Amino acid sequence: MSSTTTADSPPVLRLSGISKRFHGIVALNNVSLCVRAGEVMALIGENGAGKSTLVKTLTGIYQPDDGAIELAGQPVSFGSPQAAMDAGVTAVHQETVMFDELTVAENIYIGRQPRHGFPPRINWPLIEAEAEKLFARLEVSLPVRTKVKDLSVAQRHFVEIARALSQQARVVIMDEPTASLSRHEIHELYRIVGQLKASGTAVIFISHKFDEIFAVADSYTVLRDGCFVAAGSLAEIDEARLVSLMVGRNIAQVFPKVERQAGAPLLEVANFCHPSEFDDVSFTVRQGEILGFYGLVGAGRSEVMQALFGLTPAARGTVKLNGQRIHVSSASEAIAHGIAYVPEDRQHQGAHLSLPIVHNVTLPILPGIGFFLGGRGGAETAIARRYCEQLELKASHFGQHVSELSGGNQQKVVLAKWLATAPKVIILDEPTKGIDIGSKAAVHRFISELVGQGLSVILVSSELPEVLGMADRIVVMHQGRIQRTFSRQEATPENVVAAASGAGHTEKDAA
Amino acid sequence: MKHLITHLARQREALLALVIVLLTCAVGLRAPLFISASSLHNLLTDSTLLIMLALAQMFVIITRGIDLSVASNLALSGMMAALLAAKMPTLPVPVIILVAVSIGLVLGLLNGWLIGYLELPPIVVTLGTMSVYRGLVFVLSGGAWVSSHHMPPAFIAFPLSQFLGMTHLVWIALGVIVLTWYMARYTRYGRDLYAIGNAPTSARYVGINSAQRLLMVYAFSGAMAGLCGYLWVARYAVAYSEIAYGFEFTVIAACVIGGVSIAGGAGTVTGAVLGGLFLAVINNALPIIKVSPFWQSALTGLVILSAVIINARSNRKAGRQILPLHLPTRSAA
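First to last, the protein sequences are chains A and B.
First residue of the first sequence: 1, per this note's numbering; consecutive thereafter.
First residue of the second sequence: 1, per this note's numbering; consecutive thereafter.
These aren't lab readings, by the way, just hints derived from the structure by calculation.
Label pairs and their in silico Cβ distance ranges:
#1 B/ALA14 x A/SER141: 27 to 35 Å
#2 A/GLN324 x B/GLY246: 51 to 59 Å
#3 A/ALA379 x B/LEU118: 37 to 45 Å
Among chain B residues calculated to face chain A with C-beta under 10 Å, some are:
#4 GLY190
#5 ASP192
#6 GLY197
#7 ASN198
#8 SER202
#9 VAL206
#10 ILE208
#11 ASN209
Partial chain B-side listing against chain A, Cβ under 8 Å, derived:
#12 ARG191
#13 TYR194
#14 ALA195
#15 ALA199
#16 ARG204
#17 TYR205
#18 GLY207
#19 GLY265
#20 ALA266
The model shown is predicted, which means the values in this text are computed figures rather than measured ones.
C-beta: ideal position from N, C-alpha, C; glycine also.
Next comes chain B alone, as it looks inside the complex (with noise of 0.2 Å):
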C-alpha cells in the first residue's frame, strides 16, 4: 500500500491528467452533452481564472508563504476597474485592464513589503490585508453594486469575446501558463524561489535576496489578482463587495491538488494548471448529474486530502536500506 502510494505521487501528474479524463469521460455517459465542443469551451473558459490565480499562487507557496488576500485584492481591483469604466465609457478597454493590474500590483506590494522586508509571517499579514482590501470595496462601492447597465459594451465583451475560435480568456490564461513556465524553468527568479522555499537560510549563503524576491513574488500574485479581477467583473458583468468571497482558497486547494508543496520548495506549472482544470471540472459536471452543491463542497474537500496524504508519503524519507541488498532478508523473527 505504502510503496503504491508512493508510486502514485511520482507520476501525480499524469495521474491527475487521467482523473480529469476519466471523470470528464464518465459525466459524459451519463449527460453526453457534457462532452460536447461547445461544453468542453465552457468548462475552458470556467477554469482559466482559478488557473491563473493558481499559477501566481504556487510561486508564493513555493517560497514557503501563502497569499490569503487574491480574492480580496481581485475584488478591490476589480470594483475599482467597474466603477472607472463606469465613470469614464469611453477609455478603452486594454487601459482599464492595466488599471486593474496596476492596482493589483500595488495591493500585493504592500503584502510583498510587510512579508520580505519587514519579515512578517505571510498567513498573518495577507489574513489582515484580505479584511482590509474586502472592506475597502465595500467602502467604495458603498455596498452597491455595478451591475451591467452601467458597463460600456466593450468593457463586458471582452473575456468571452473569441480569437481563432478560443475566447479571449482562454488566450489570456494560456499566455499566463506559457509565462509562468518560463518563469519557474528558465530565469533565475524563478530557481531562486525554489531555492529559498527548500532552504531559506542556505538561499541566503548562496546571495540570494529573499526580501526582494518574497515582494516580487506577492508583488505578480497582486498583478494576477489584479488581472482577473476586471475580467472577473466582466465575464460576469457585475460588480460587488462580495465578489469571488472565499475564493482564495479554492485557489489553494487548486495548487495542493496539483502537488504544491505547502511547505515550500516544490510544486510545478503542469501541477497547478491540472489541479485547476480538476477543480473546474467538478464544479461544472457535478450539477449536470444532479449531485447536491453541498456535496460538491465535501468532495473538493476529500480530494484535497487524498492529495495532502499523498504528497506526505511522497515526502517522507523511506527506511534507510542499511542491510546489503544481496542478502536474502531474514523475514521470520
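With the rest of the complex left out, here is chain A (with noise of 0.2 Å):
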C-alpha cells in the first residue's frame, strides 16, 4: 500500500483485499487499508461506499469473503461480535449501542460484567468503581447509577466510549459520532479522540463532515462504491480533492441559491410558547421565502416546528396563514392549511420504511385519490412518479420498499410525500442530516425549485454553510428562545454561531 502516514509505528490493523458479496451484490470489492497505533485514520466515502459494511466486517458482525485482517501483524478472523472485542476493535456505532434501562455502568460492561463470590455473582460495586474511574479518565462526569434512558446523545457517545476504553480497545471505529451533538459537545469528542491517541490507540473515524476530518484525523482512507479509492496524509490533500476523490467528479460546494424578492408575509408566528420548552417565539415566513432556523442541537428549533405543526398541545400564541388567524391543534389540520413538516428523523417519524414507495408518497393524501382501492393504482404510481424524477430519486422500481434504500433516496420519499400534500409552507427539519454530498446537492436544488414555484419554506439545520448558503433570512435560537434574527446580508459565520451560543444581544433579555 503506498500509504504516505508520517507515523512511524507499525500498523496496528491491516487489512487487505477484503471482499464482501450480498446476494450477489458487491458491497466491498478488494478493500484494503491501514492505520496504525496512535493515528486518527479518517474513513471517507459517500452513503452506500461500504464504510458501514467495512466497520461491520472489522467488528465481526459480517465475515469477509474474501481476504485478510491482520492485528498487530497476527493474521485474525473475528467470527463474532465478542471476538473482534476480545482481540481490541470495538466500534462506537452510528446508532449508539445502548440499553435505556440499565445503568451507565452496567451498559459499559454489559455481557462481561466482573463476577465474584460462590456461587458466581455480577459483582456491581466493582463494576460501578472501574465505571467511575473511566470517567475520571476521560474526564467527563456523568453519574453511573443513572439509567442511559435519561441521557443526551453526547453523554450516550461517552459510555460508548468508556465502553471502548474499558476493553482496552487497541482499535476504536467511530462511527459519524458527530452527528447529532452541539458545537460544545463535539470538541469534548475531539478531546477524548486526542486522549486516545496519546494512549497510542488507533481510531478510525467516520465522517461526512470535513471540517472535523480535518480538525481530528491525520490520514485517510476513501472509498467508493465498494472499491479503495486512494488514502494518505491529510497534511497532502485539501478538501476539494478529497470530494472529487470521494464522488469520482467534481462537485462545487455551491449552493444552488436564487436570489429573488419575498412576497408578502405568508405565514405569521407571534408569541409562541409552551411551559418548558420554548418561550416567546415569534417570526414570520413570506411568500417564495426560504427561512433558516439555526441553533445548537437542543435549542428547541425542532419542538417549535412540531408544535406549528399541531403536534405539541401545550403550544400556545397566534398563528396566522395570509393575515387568518388559525388553529392547529393536530397534524391533519396541519395539512389541511398547507403546512407540511418533514421530520428529523425520518427512521422513526417520517417514512414507512415496510411499505413500497409509492404508498409512503401518496399515504398523506389517500382521502383525495379516491375510496376504492381499484381505481387507485394507477393514479397512485402517477403521483409517485411525478415527485420522485423531481427529486432523481433512484429506486429500481415504485413498488420497492423504503427500507431498501440508501439513507438519502430514503430522504427524497419522505420530502416527495410531503410535496404531494401540495402545501403553502413546508418545514423542513434537518432534511440533509447524515445523507452523502450528492443527494445533499439534489436536496438543496430542490428547495430552490420549491421556493421558485411560489412555496415557502422553513429550514431547521445545524449545518452552519447550508443555513447560510440557503436561506433568505436565518433566526438563531439559544435555550427555547430567539437570540436574533439575521437577514442574508448581515449573516456571518462568526455572528451566526456567537447567537446560537447564548452571545450577543437578545432579543428579549430575560434576567
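If you follow the hints, you should be able to join the two separate chains into one complex; please do so.
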C-alpha cells in the first residue's frame, strides 16, 4: 500500500483485499486499509460506499468473503462481535449501542460483567467503581447509576467510548460520532479522541463533515462504490481533492441559491410559548422565502416546528396564515391548512420503511385520490412518479420497499410524500443530516425549485454552510428563545454561531 | 394529574403492596375470617402457582416475547405426570416431579428453538404450540379424567403437606422467587435478557448470543410450567384436558399488573410476585364479600388496564426542559 502516513509506528490493523457480497451484490470489493497505533484515520466515502459494511466486517458482525485482517501483524478472523472485542477492536456505532433501562455502569460492562464469590454473582460495586474511574480518565462527569434513557446523545457517546476504553481497545472505530452533537460536545469528543490517540489507540473516524476530518484525523482512506480509492496523509490533500476522490467527479460546493424578491407575509407566528420547551417565539415567513432556523442541538427548533404542525398540544400563541388566524391542534389540520413538516428522524417519524415507495408518497393524500382500492393504483403511481422524478430518486421500481433504499433516497421519498400534499409552507427539519454530498446537492437544488414555484420553506438545520447558503433570513434560537434574526446580508458564520451559543444581544433579555 | 401518575409509576411496587394490604384489610373488615392466619396461609398457597408462572413469564416478556403456551404445557406435563403415577404408583414423588419438569422443559425448548434459532415471532409460535400441547392432552388421556382414586396418596399429599408450618407449595414458590431474583440481578444470563429486551440489535453488537438466551428463556418458562403441572394436578387431585384453561392470560396479567413492560426490557421479580399476589387476593376475596364471578373478571380487566395506563405514562418521555429553569416561565399568553 502506498500510504504516506507520517507515523513510523507499525500498523496495528491492516486489511488486505477484503470483499463482501450480499446475494450477489458486491458491497466491498478488494478493500485494503492500514491504521497505526496513535493514528486517527478518517474513513471517507459517500453513503453506500461501503463504510458501514467495512465497520461491520471489522467488528465481527459480518464475515468477509475474501481477504485478510491482520492485527499487530497476526492474521485474525472475527467470527463474532465478541471475538472482535476480545481482540481489542471496538466500534462506537452510528446508532448508539445502548440499553435504555440499564444504568450507565452496566451499559459499559454488559455481557462481560465481572463476577465474584460463590455462587458466582455479578460484582456491582466493582462495576460502578470501574465505571467511575473510566469517566475520571475521560474527564467527563457522569453519574454511573443513572439509567441511560435519561442521558443526552453526547453523554451516550461518552458511555460508548468508556466501554471501548474498558476493553483495552487497540482500535476504536467511530461511525459518525458527531452526527447529533452540539458544538461544545463535539469539542469534548475531539479532546477524548486526542486522549485515545495519546494512549496509543488507533482510531478510525467516519464522518461526512470535512471540517471535523481535518480537525481530528491524521490520515484518510477513501472508499467509493465498495472499492478502495485512495489513502494518504491529510496534510498533503485539501477538501476539494477529497471530495472529488469521494464522488469521482468535481462537485462545486456551491448552493443553488436563487436571489428573489420575497412576497407578502404568508405565515406569521407571534408569541408562541410552551411551558418547558420554548418561550415567546415570533417570526414571519414570506411567500417564496427560505427562512433558516439555526441553533445548537436542543435549542428548541424542532420543538417549535412540531408545535406549529399541531403535534404539541401544550403550545400557545397566535399563528396567522395569509393574514387569517388559524388554530392547528393536530397534524391533519396542519396539512389541511397547507403546512407540511418533514421530520428530522426519517427512520422513526418520516418514512414507513416496510411499505413500498408509492404508498409512502401517497399516504397523506389518500382521501383525495379516491376511496375505491381498485381505481387507485394508476393514480398513485402517477403521483409517485411525478415527485420522485423531480427529486432524482434512485430506485429500481416504485414498489420497492423504502427500507431497501439508501439514506439519501429515503429522505427523498419523505420529501416526495409531503410535496404530494401540495403545501403552502414546508418545514424541513435537518433535511440533509447524514446524507452524502451528491444527495445533499439534489435536496438543495430541489429546495430552490420549491421556492421558485412560490412555496415558502422553513429550513431547520444544524449545518452552518447550509443555512448561510440557502436561507433568505436566519432565525437563531438559544435555550428555547429566539436569540437573533439575521438577514442574508447581515449573517456571517461568526455572528450566527455567536448568537447560537447565547452571545450577542438578546431580543428579549431575561434576567 | 400527569405528575401524579408519573409519581405513582415510580413507586409502583410500594403502591401495589399497599393496595394489596389495604384490600386484604378492607375485606377483613367485612369478613374477619378472611384475615385469620389459616385463611391467609390458604391465600398464599393459592397464589403460588400463579406467582411461579408469572416469574418465568416475566423473563420471557423482558426479552420482548410472550409465552402463550404455558397453561397448555402445564396441562400436558400435569396429565403425563398423573398418568405415570397412576401406571406406576410406587414411583417416588421427586422422580415424578423430575419427569414433569423434564417434559415441560422439552416443550419449552421447542418454543425456544423456533423463536431463538428460526427467528419466528413468539406470539405466533406459542399460539401454535398452545393448541398443539392442549390437543396432545386430549390425545393422551383419550378425553378421560385421571381422578384422585387413580393417583397414589403420596402423589396427592405432597403439595399441601407442611414443612415448618408452611405448605410445600409455599416453600417451592419461595425457592423460585429467590432463584429468579438471583438470576435477574446477579447473573450475566439474567442481565443479558434485559439487554436483549432493551435493544435486540445492540445486544448482538456487544456479543450477546440472543438465540441461545431466547432458547433458554422459553425452556425455563417450559420447565416452570412442567413443575406447576405436577403441583396443580396433585393439589387439585384431578387431571383432565381442560386443566388451567386460559390460565396463560392470568399469568400475563400478573406480570402486567406487576409493572413488567410488555414492550420488553423492564420488569422486576418483586413486581411480578406482587402482581400474582394481587390477583390471588382479588380472586379469593371477592367471593367472600359476595361479588359475582362476572364482576371478578371485569374488575381484573380494569386493574390490568389501569396498570397499562400507569406504565404508558411513566414511559412517555416528558417534554424536554429547554428553557432555563431559573427564569420565571411566562404563563400568560
